[in-house]
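S.K.: Here are the chains, one letter per residue:
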Amino acid sequence: MRPLLERARENLRGRRVLAVMAGKGGVGKSAIAALLAIAKKAPLIDLDLFGMAAPKFFGVAGRLHKVGRDGIEPIEAGEVKIFSVGGIVGDRYVVLPGVSQGGVVEALLAFAKLGGAEEVVVDMPPGMGEELLTLSRVTNFTPIVVTTPSAASYRVVKHLVDYLLELGRKPATIVTNMAYIRCGDNAIYPFGRGDAVRELADRYRIPLVEVPIDPHLEEYVGQLHNYRGLVYSVVERIAKEI
Amino acid sequence: MHEWSLALSIVQSLDKWAFQQGVEVRHVVVSVPSVSQLDVEILKEAFDMLKQDSRLAKATLEVKVRSPRYKCRSCGHEFGQEEVDAQIKALMQRYGEEYPLHLIPELAPTFIRCPKCGSHDIEAELSIKIEEVETI
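Just so you know, the sequences run in chain order A and B.
Each residue of the first sequence is one higher than the last, beginning at 1 in this note's numbering.
Each residue of the second sequence is one higher than the last, beginning at 1001 in this note's numbering.
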């Protein structure tokens, strides 16, 4: 018997787990997850064991979690409560064979002190590896799938959506990130119109939301909790709808 | 302090299991990897406090601290804890009370390198497991 798996299940029981995921890396999934946590006022669990983007977005990289009798205390940035392996290892790389990844994810989910949170946002790593399998073992999560309009991203996302539907976990929404950039009254679509993504969403009746590029977002890396720009406005709308 | 949250995990998971089985627990054997540096006495003390009002109220806890065997997946070298003790000690000195393997022993490959080839690509059984349960 594995007590951490049971504890992780117990820790997430009765909470809605919003898992922000993408088959592909580099689509802005961690930024969407972080902004969703802000908009929802929900704890953010960073399961991207190797990227650990959450502490970097909020300027808390290198800070370590305090551990009490009843679990891991969150690292706080503004109103956001963050849990990350970065808060265990500090500001250094993580390298792990696949067999160890599941145990690390279980431990983080088991010991995170989530308090009275009814919703929890999870930032998933790219791909469909051990972290996704472990989250599936632990809880009946609600997927939020992030892609870009690019055909390169679409093929990967389609496989992810196919897998999630096979699991019976229909995404609450598909987010087309970096969809367009405003230039005066016009919108420019640098990565294409995203027709394939739209068709995918239509086919499975999954709501689709386009998120614009905001060049000012970069200025808030390290203090994302203070960002309320264009991307946040759209994510805030998503937060209200899901 | 982590011993308390671990003890709670053990009590919660076994209490649920015992309820499903319609039994009470008399004795539990838990095995933990030595790299976790868990304090067995604190773990037992926490278990005894937390088991009250559960189906483990009369249970005793036995903790086996096992010394992992490691295998480097890069060069094939198999080695015991004694070959990485110096690395573990250095890690404990560096992190102090926030020693990461205390909380998550499965993170060991991030910090431990094969003593022969230097690779982090090492595997070992590092999980915390309930090995045996005696019931009434």
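Misleading hints may appear alongside valid ones.
To list a few chain A residues with every Cβ distance to chain B over 10 Å, as calculated [to be verified]:
#1 Gly28
#2 Val60
#3 Gly90
#4 Thr142
#5 Gly192
#6 Ala196
#7 Glu199
#8 Glu210
#9 Asn226
Simulated crosslink set (SDA-like; lysine to any residue; CA at most 25 Å straight-line) [to be verified]:
#10 Lys1089/B / Tyr93/A
#11 Lys113/A / Tyr1095/B
#12 Lys113/A / Gly1080/B
#13 Lys1129/B / Gly1080/B
#14 Lys1064/B / Phe50/A
#15 Lys1129/B / Gly116/A
#16 Lys56/A / Tyr1095/B
#17 Lys66/A / Ser1127/B
#18 Lys1044/B / Leu200/A
#19 Lys1016/B / Gly116/A
#20 Lys1071/B / Phe50/A
Rather than coming from a laboratory, the hints here were simulated on the basis of the structure.
Note that CB positions come from ideal geometry on N, CA and C, so glycine has one too.
S.K.: Which hint numbers does the structure go against, in order from smallest to largest?
M.R.: The structure breaks hints 3, 12, 14, 15, 18; every other hint is satisfied.
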